[in-house]
Amino acid sequence: MASQEMEQLVRREYKEGFVTDIESETVPPGLDESVIAFISNKKGEPEWMLEWRIKAYHQWLKMTPPSWAHLDYPPIDYQAISYYSAPKRPEDRPQSLDEVDPKLLETYEKLGIPLHERAALAGVAVDAVFDSVSVTTTFKHKLHEAGVIFCSISEAIRDYPELIKQYLGTVVPVADNYFAALNSAVFTDGSFVFVPKGVTCPMELSTYFRINAANTGQFERTLIICEEGAQVSYLEGCTAPMRDENQLHAAVVELVALDDAYIKYSTVQNWYPGDENGKGGIYNFVTKRGDCRGDRSRISWTQVETGSAITWKYPSCVLRGKDSIGEFYSVAVTNGRQQADTGTKMIHIGEGTRSYIVSKGISAGRSNQSYRGLVKIGPRAKGARNFTQCDSLLIGDQCGAHTFPYQEIGNSTATIEHEATTSKIGEDQLFYCQSRGISEEDAVSMIVNGFCKDVFQELPMEFAVEAEALLNVTLEGAVG
Amino acid sequence: MLEVKDLYVKVEGKEILKGLTLTINAGEVHAIMGPNGAGKSTLSAVIAGKEGYEVTSGSVTFEGRDVLEMEIEERAQAGLLLGFQYPVEIPGVKNIYLLKAALNAQRQARGEGEMPAPEFLKLVKERLAQMKMDASFLQRAVNEGFSGGEKKRNEILQMLVLQPKLAMLDEIDSGLDIDAMRVVADGVNSLRGEERGILLVTHYQRLLDYIVPDRVHVLVDGRIAKSGDAELARELESRGYDWVVEETAA
Amino acid sequence: MSDVHSEVSRFLERLKERCAERDRSQGREPSWIAARRQAGAARFEALGFPTRRDEAWKYTDVRAIARGDFALTDSADFSPATAAALTLPLEAHRLTFIDGVFSAALSDLGELPSGVAVLPLSQALAENHEAVGGPLGRLTGVDFSPFSALNTAFMEEGAVVRLAPGSVVEKPILLQFLSRSGAKPVMSHPRILVEAGSRSQATLVEHHVGESEAANFTNLVAELMLDRGAILTHYKLQEAPLADLHVASIHVEQARDSRYTSFNLNLGGGLVRNDLISELNGEGAEANFYGLFYGQGRQHIDNHTLANHNAPRTFSNENYKGILDDRARGVFNGKVVVKRDSQKIEGFQSNANLLLSDRAEIDAKPELEIYADDVKCSHGTTTGQLDEEAIYALRTRGIDLQTARGLLTLAFAGEVLDRVDLDAVSERVELAVAGKLPERFNLAGLVEASLALHDE
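Protein chains in written order, with my numbering: chain A, 1 to 480; chain B, 1001 to 1250; chain C, 2001 to 2456.
Only true hints are included.
Calculated lysine-lysine pairs in the DSS-like style (CA-CA distance at most 25 Å, straight line):
#1 LYS55/A x LYS165/A
#2 LYS2058/C x LYS345/A
#3 LYS2376/C x LYS453/A
None of these hints come from the bench; they were simulated from the model.
One chain only, chain A, in its complex shape (with noise of 0.2 Å):
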């Protein structure tokens, strides 16, 4: 990386910082049927929609929150927190750039963002989540014309009614976990991507998140079908301003692939992570599932999490179609006082399967971070195979690093290999480094991002040199 890049990123304060003047619509904090339903006619959904919602609710009212993870966090009240929130105007949203609040553009810029065309990335449409509406979305027409689907969620239950009743819920089923069935009650927004058989979709797909109104929690929904022989790519960007309050985020992602489908979706996430006593930052807690229904079919995770306090967030694979690929490769960095426990299923049930996990935790400050996978082999899953590489670096003697593989075998033609390391930067590199003339910062730089590289280079380009960039930020002030 060039020296005046890192220069730039040689910033004590959470860069992405600040908070949009936008005049929203928020209903008051709290959750019953009431909230749902106006939720659902805020988006003008059909009877159908409320019901599933509502169903879920009940159910989300029957659950208790997950207490196996490595983390240590207040109860949430959920009835503090305000579940919609809209920038105004919804009705008469911009049908293009032009029309689009210079505001919000504005922010965007200061995110780095290429929503222009002119920043844009050569094909890379945009669908830009603020807040919880989905504002606009560009390159519609050049997908349109290739046959994809690409929208909000809340414009595909209006549009596509029959594909959301046929595959949502059907890959996280609402009763999956907690928060699983509370997003399923009261989603606001995501993004719907349905690639036709035989379709590669003709260019990157992407969507940066970002939390805006305080006290507002972010429940997007994302839906990506890619029919027999489709193929697309997915990215997906979150920033969020800097806040005191926590505030919370349960998303669900459901990918299904049918046969000889591959779908990869990456995210980087740098959602704010609270300062240095741990006050405020984002509680994250994501529910990302890939179903290789069909035969030959393939889904690829890759993450970057370098932001929020609390990270709960376990991207998987259900291998069902003959001889399906599952992957998952991730680069997870906490410094501060941030907490994270993350990690893959790969449940193997067809024959011939195969799954891969690379994962590399960067522990600093006083963070705790934990890998958590499952690798199950049910009995049918003949002559499948898993290879897992896990590598944990400890930046300082504060911090903490653990992990937590389970492995369920039950076919006897199967070969799994797990491997795991932890260990520090080490000073004979640092040292190294150093006597080149390096400073010490710079060099554990070099040396951590020399430590991911197998998980970067499975990013899209543009992304990798983002995830680089986040690192840095990360894990400044983590020597010395």
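Place chains B and C on chain A using the hints.
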């Protein structure tokens, strides 16, 4: 006993053997020589049944049986035994286990009963002494941590215990110092006999000073370019392979 | 829930009867023992038996124990011929327990070096109960698990080993636990207490075996305390009858520069759970955990290990291997914890498993929990296939595919046995493994030939 007829073999899509024909009769010692990459090791590997070798045409018969149709172990049980150029290390499997299991398998295939333990131990110890190997060797894992010379001796020891009808020795001389070579050569020579064929694959003539072959074949570009008696090997030693290659091209 | 309640109360009821009977026949126990029993019973009553919802018991269902109706016995009768057939051919200082009851007839301590005491717990209590009261229960309290609480409530017999500083016991100390088949299943709650003084050295062999028709419940607690520089090698050879239920909680405490090496070899038992925990409390302390388990039929074998690095410059090294056939299930949960400020730690863990049947299952969970940065910790787990190249090499020698697999499976176990110094143990286990391997592997006679050669 062994007849290879017009054999064509591909490895990873590339044709290595291109119409090789070779007959070995009982009591004969044949040496296959040739420049690197001529396909010398391919021939013995195909006969032993190694995976990854695709026979596109031709045949291999041993005592009238179609070798290519036989399982790997059936070939060994029938008396076709390969001595590896690079013997595999098998951690945890003791040499004595391998010898006993292999001998039992062979006897069983012939419809004979298991060799009683005392007789077996006596046999093994004799052969060990012949190969100038210590008895503690039997308790060690197959080839694990062995020196190059020990591995080759171990290959010959297995031959001496299993008494194959046709012993194929792939570059058995590689990595041996002169003393080890003598021991190995003595071992091989003790195998010579009316009923047994031996196929030596070697790059250097050196080995053939110790094990004098009845027939020498020069393998060039996947087929036998020239055959002769032991004299041919000596000629190759002094003149190299180029003249055979040129003769073939002409 | 009333079901669960009655399970717990059945055990408590038995405890009450036992205590009353003991008070009648032997008079009151020292008050500290009575107090501990009470604490154990109270804790057990509060916890109940663990369920699959408890993380530590996620893969192990103990209902077979909870629902059992186990009597207690006072008889140490056992056929001397059977005992002779079962015992390890080992020159050793031997204590024998029959269903937990000490058998003087089957024990032979021989001549112990000076400063070394090996005696049944009952005798140690009778001689000086206060000397036992200090260390007993210090490592494994009633809070560790419902089973440690249950053991504390019921404990009566076991073995006490005391090694004076600098003492060296050349011959192994053999503790035999024989399970007897009877009309009614019985339970025993043995204790093992080892106090190894500084720089002392000993080998402890714990051997669980029994009559094949037996179906008893053994709930053992072992506390092993290693003072500075002490070296203890601990073999736990568990060949219990296939209907036996076996739970063992083994806690080790290690002072500076001590070395503890465990061979946890599990071949028997219907339901087996081992907890092995080492507290590495002093710099230079080293713990080695080697394990082998072989399950067949419907055996369930669960091994939990934990290396607690409480001090800087401590080392742990672990290698567990599992082979599972038929419908057997294996669990491996190995954990390395490095406490804050415990720098310069090395912790290595390796676990490999082989499944020989599609109905067998292994659940592995190798964990690292690390709060210090100057550490070198790693773990590797593999479950899967044998080396194809080795299989080919064996087949070129005329060995058929199945036998080749058999040889390599035996070799897989051999990697743990290679580290065993006691021939009587390694030979016994190797023969047992060879004998257990499926018939299709045709290994009969091989190991015997090797042993015959060895004996010459």
